[in-house]
Amino acid sequence: MPRCPMRSSKKRSCRTLCGHHHEPLTDEGYIPCVSLLDFQKTGGKLDMTAYCRALDFGCKAYVNLVMLHLIQKEIAEKTGIPCGKLILIVKSAHFYLRDREKVLAIIEKVH
Numbered sequence: 001m002p003r004c005p006m007r008s009s010k011k012r013s014c015r016t017l018c019g020h021h022h023e024p025l026t027d028e029g030y031i032p033c034v035s036l037l038d039f040q041k042t043g044g045k046l047d048m049t050a051y052c053r054a055l056d057f058g059c060k061a062y063v064n065l066v067m068l069h070l071i072q073k074e075i076a077e078k079t080g081i082p083c084g085k086l087i088l089i090v091k092s093a094h095f096y097l098r099d100r101e102k103v104l105a106i107i108e109k110v111h
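Quick note on my numbering: the sequence shown kicks off at 1 and runs consecutively.
Please note that a few of the clues may not be correct.
Below are the DSS-like pairs computed for lysine-lysine, each with C-alpha atoms no more than 27 Å apart in a straight line [to be verified]:
| id | residue 1 | residue 2 |
| --- | --- | --- |
| 1 | Lys109 | Lys45 |
| 2 | Lys60 | Lys91 |
| 3 | Lys91 | Lys109 |
| 4 | Lys102 | Lys78 |
| 5 | Lys73 | Lys85 |
| 6 | Lys102 | Lys91 |
| 7 | Lys45 | Lys85 |
| 8 | Lys109 | Lys60 |
| 9 | Lys60 | Lys85 |
| 10 | Lys73 | Lys60 |
| 11 | Lys85 | Lys109 |
| 12 | Lys45 | Lys78 |
| 13 | Lys73 | Lys45 |
Calculated from the structure, these hints are not laboratory results.
Computed from a predicted model, the values in this text were never measured in an experiment.
Generate coordinates for the entire structure from the input sequences, incorporating the hints supplied.
Now the structure itself:
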C-alpha cells in the first residue's frame, strides 16, 4: 500500500479496494463488499471510515471487521498517528437463513 502522509486534521486520504487481490477489470461479476476506506486525522487520532456495499453478519463480516482494524492499525503505525475510531457505513448489513441460529446465539450472548 503506498505511503499516505497525514500531517493535519485537514488532510484526508481515500483508498479504493478494487484491483488488489482480484481482477475486477476482467471479472465483471466481482464486486467487493468493502469498497472504500477513508482516513482522517481527528483530535490527534487516525479515524477510518469503511464504506461497504454489503456485510454478511452470519459469516464473513467478523473477519472483515478484524481485517479493517488491522489495516487501520498498520496505517496508524506507518504515519505515527494513534488509532482512532473505526466507522462503518454499510448499505446492506444482512445474514442468510442458513446462519440464523448462529446469529441468534450471538445476539443472545450480547443481551
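Against the structure, the hints come out as follows:
A distance of roughly 31 Å separates the Cα atoms of Lys109 and Lys45; the hinted pair therefore is violated under the 27 Å criterion. Proximity of Lys60 to Lys91 is assessed by CA-CA distance (about 15 Å); at most 27 Å being required, the pair is judged to hold. Using a Cα cut-off of 27 Å, the hinted pair Lys91 and Lys109 holds, with the two alpha carbons roughly 25 Å apart. Proposed proximity of Lys102 and Lys78 is contradicted: the alpha carbons are some 37 Å apart, above 27 Å.
This hinted pair checks out: Lys73 and Lys85 have alpha carbons roughly 11 Å apart, not beyond 27 Å. For the hint linking Lys102 to Lys91, the alpha-carbon distance of about 22 Å falls within 27 Å, and the restraint holds. With a C-alpha separation of about 8 Å, the suggested pair Lys45 and Lys85 falls inside the 27 Å cut-off, and the hint holds. For the hint pairing Lys109 with Lys60, the CA-to-CA distance comes to about 19 Å; that is within 27 Å, so the pair holds.
Only pairs whose Cα atoms come within 27 Å are accepted, and Lys60 paired with Lys85 is accepted, the gap being roughly 21 Å. Restraint check for Lys73 and Lys60: satisfied, since their Cα atoms lie roughly 20 Å apart, inside the 27 Å limit. In summary, the hint linking Lys85 to Lys109 is supported, as the alpha carbons are separated by about 24 Å, within the 27 Å threshold. For the suggested pair Lys45 and Lys78, the alpha carbons sit about 13 Å apart, so the restraint of at most 27 Å is met.
In summary, the hint linking Lys73 to Lys45 is supported, as the alpha carbons are separated by about 11 Å, within the 27 Å threshold.
Checked against the numbered hints above, the structure violates hints 1 and 4; every other hint is satisfied.
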